[in-house]
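**Q** Going line by line, the protein sequences match chains A and B. Note that my numbering has the first sequence beginning at 1, numbered continuously upward. Note that my numbering has the second sequence beginning at 1, numbered continuously upward.
No lab work stands behind these hints: they were computed from the structure. Some hints here could point you the wrong way.
Which residues of chain B face chain A? A few of them, derived with a C-beta cut under 7 Å, are [to be verified]:
1. 89
2. 123
3. 140
4. 144
5. 299
In silico lysine to aspartate or glutamate, EDC-like type, Cα no more than 20 Å apart, as pairs [as the list claims (entries may be wrong)]:
6. A:241 x A:55
7. A:241 x A:64
8. A:241 x B:80
9. A:46 x B:155
10. B:90 x B:80
11. A:46 x B:80
12. A:46 x A:246
If you want the footprint, here are the derived chain A segments under chain B, 3+ residues with CB under 8 Å [as the list claims (entries may be wrong)]:
13. 23 to 34
14. 50 to 57
15. 65 to 74
16. 111 to 121
17. 210 to 219
Just so we're clear, the structure is a prediction, and the values are computed from it rather than from any experiment. Positions of the beta carbon are idealized from the N, C-alpha and C atoms, including for glycine.
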Amino acid sequence: MTTTSWWRRAADLTATVVALVTVFPIYWMLLSALKPAGEIQSLSQKPWTLAPTLDNFRRVLGAEGFARYLANSLLVALVVVVLSGLVAFLAAVALSRFHFRFRSTILVMVLVAQMVPIEALTIPLFFLVRDVGTVVPQVGLNTLGSLVLVHLAFTLPFAVWMLRGFVAAIPEELEEAAMLDGASRSTVLWRILFPLVAPGLAATSVFSFIVAWNDFLFARTFIISATDNQTLPMALLVFFKPDENDWGGIMAASVLMTVPVLVFFTLVQKRLVSGLGGAVKE
Amino acid sequence: MSTAPTALAEPRSRARPATADRRTRLRWGRRTPLWLLLPAAAVMLPLFAYPIYQLGLLSVLDFRQAQVSGGEPTRFVGADNYLTLLRDGKFWSVLLATVGFAAACVAATLAVGAALAILLTRVSRWPGRVLSFAAMAAWAAPAITGSTVWMFLFDANLGLVNQVLGLDGYNWTYHRYSTFALVGAAVVWHSFPFVMVTLYAGIRAIPGQVLEAAALDGASHWRSFRQIVVPMIRPLLVIVTIQSIIWDFKVFTQIYVMTSGGGIAGQNLTLNVYAYQQAFAASEYGLGSAIGVVMMLILLLVTLLYLRALRRGGEPL
C-alpha cells in the first residue's frame, strides 16, 4: 500500500469516527425518546432498544397544553419569517441598489446590531412591552404578539445583511430593461426583483425561523402568567422535576422541537455552503 | 448560530457605468431608498435603538421592586450602580469567569473546527459527506434541546457517560469547573460546525493551480500549507475568531438551563446570566442594566476589531 492511500484511509476513518461522535447526542435524544420507561430508568443504559415505543411522545403530546405550545411556537416563527423577509427585502434593495448619504453608516449599524447582547436588552424591553401593553393589549406582556415583535427586530439585521448580497448579485440591466419598457416601480420591485431573490429569501427564512423557534429567553421573560401563550422551550422545562427528571418525556419533547429545525436546515444546507464558498471566491 | 455567515454571504460590489446608474435612479425616484428603508426603521428604532438608550438610562437609576410596582419615584443615582459593581467581589469573579469561559470555548471551537476543515479536504467523498451532515445536525439543534440531551448524557445515575466510566452517582454539576467544562462541551459541539464549514469553504476556494505550482516547485505538503493556505485564509480566520468570541461571550441558554440559572450559589454565572438574575430574580433592575452596559461596551470593542478585520479583508462597506 502506498503512503498516500494509507493517509487517505486514516483520514477517512478519523472523519467517520468524528461524525459518529458529533451526531451521537442527537441519536441518543431520538433513541431515549423511543425507549420504554424501564430502559430509561435503567442503571445500565444500552445504545439500542429492542422495544421501541411511542409512549413518551403520547405522554408529551397528551400533557396539558403541549400541543398548544407547539402551535404557538409554530405561529410565532412563521409570522416572524414572513414579516422579516418582506421588511428585510425592501431594506436590502435600498442598501444594494442605491447610493445615498449615510448608506455606509446604516450598513455599519446593521453589522453592529448583530453584536448587541440581546440578553441585556431584555430588561428595558420588558418594561417597554409592559407599558405598550397598557395601550395596545395585543403586544403587551403574556402575548404572542410581543414575541413576534422582538424576534422581528432581532432577525432583521442579519436578514438585511444576507439579502443585500443576493440583491446585488442580480444584474441591474434587468430592471433597466423593464423600466424602459414602461414597468412601474412596484412592478420592478415585486415582479422582477422579488422572485429573483427567492433563493436568498429561503435561506434567510431558515435563520429567522430558527431564531424565533429556538427562543427561550423572551418566552421566559414576557410570558409570565398566561400559560396559554407559552411556547415550546418553556413547555420542555415542565418535565424537569426536583426529585426525578422525566428523561423520557424531556427527550421526546426535545425531539419534537429539534426535528422541524433539522428539516429546514437540511433543505437549505447546500445553498448555504455553496453561498459561503461562492462569496469566499470573489 | 442564527447570525452565522454574516460577513461571508457578501458578493462583490460591481462597478457599473455612471450613466446607467443615473438613468435607473431617475426612474426609481430620489426618495425611493427612504421609502424602502421605512418599514425596517419603524421596527428597529423602537425595538432596538430605544431599548439600548433605555438600558443606559436604567443603569443610572435606583430602580427596584419598589419603583416597579410600589409606585415609589425613580431616583437618579449617577454612577452608584457602577460603583456598587466595582466594589462587588461577585461581579469581578463573574467577569473573570465569563472571560475565561469564553476564551476556553473559543480556543476549543477554533481548534476543533480548523482541524476538521483540514481533515475534510483530505477525505474521500462519503466520509466527507457523513461528517458534514453530522456537523450540520449539531449546528441546527436548538440550544435548549442540545442542553437537555447533554444533561441527560451526563446525568449522575442515568447518564450514559457515568455508566460507561463507572462514575456511579458522580454529579458533574456540583463542582464549578466540571460544570463549566460540561456546559463548554455543549457550546463547542454546537458552534464548531460554523468554523469548520467556513474555513473549509475558504480552503476550497484557493485556486488549485497555486498549490500545483508549489508542488511542481518541490514544496512539501506542510510547506505549501503553511506558506500558501494559511496566509490565504487568514482574513476568514480572523472573522470566525471574532464571531466566536462574540457568541461565546454571550452564551445564555446553555448556562441558564444546564446549571439551573447559574449553578450552586451562582458559581457558574456569566455576565449575561448575572445581569438577567440581578434584574428579574433579585429585582435590582438598575444594577442589572449596569452589568448589561458593561457587557455592551466589551462587545462593542470586539465589534470594532471585527469591522477593522472586515475592512482589511477587502469587505466593501
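**Q** Tell me the numbers of any earlier hints that the structure contravenes, in ascending order.
**A** Hint check: 1, 8, 11, 14 and 15 fail, others pass.
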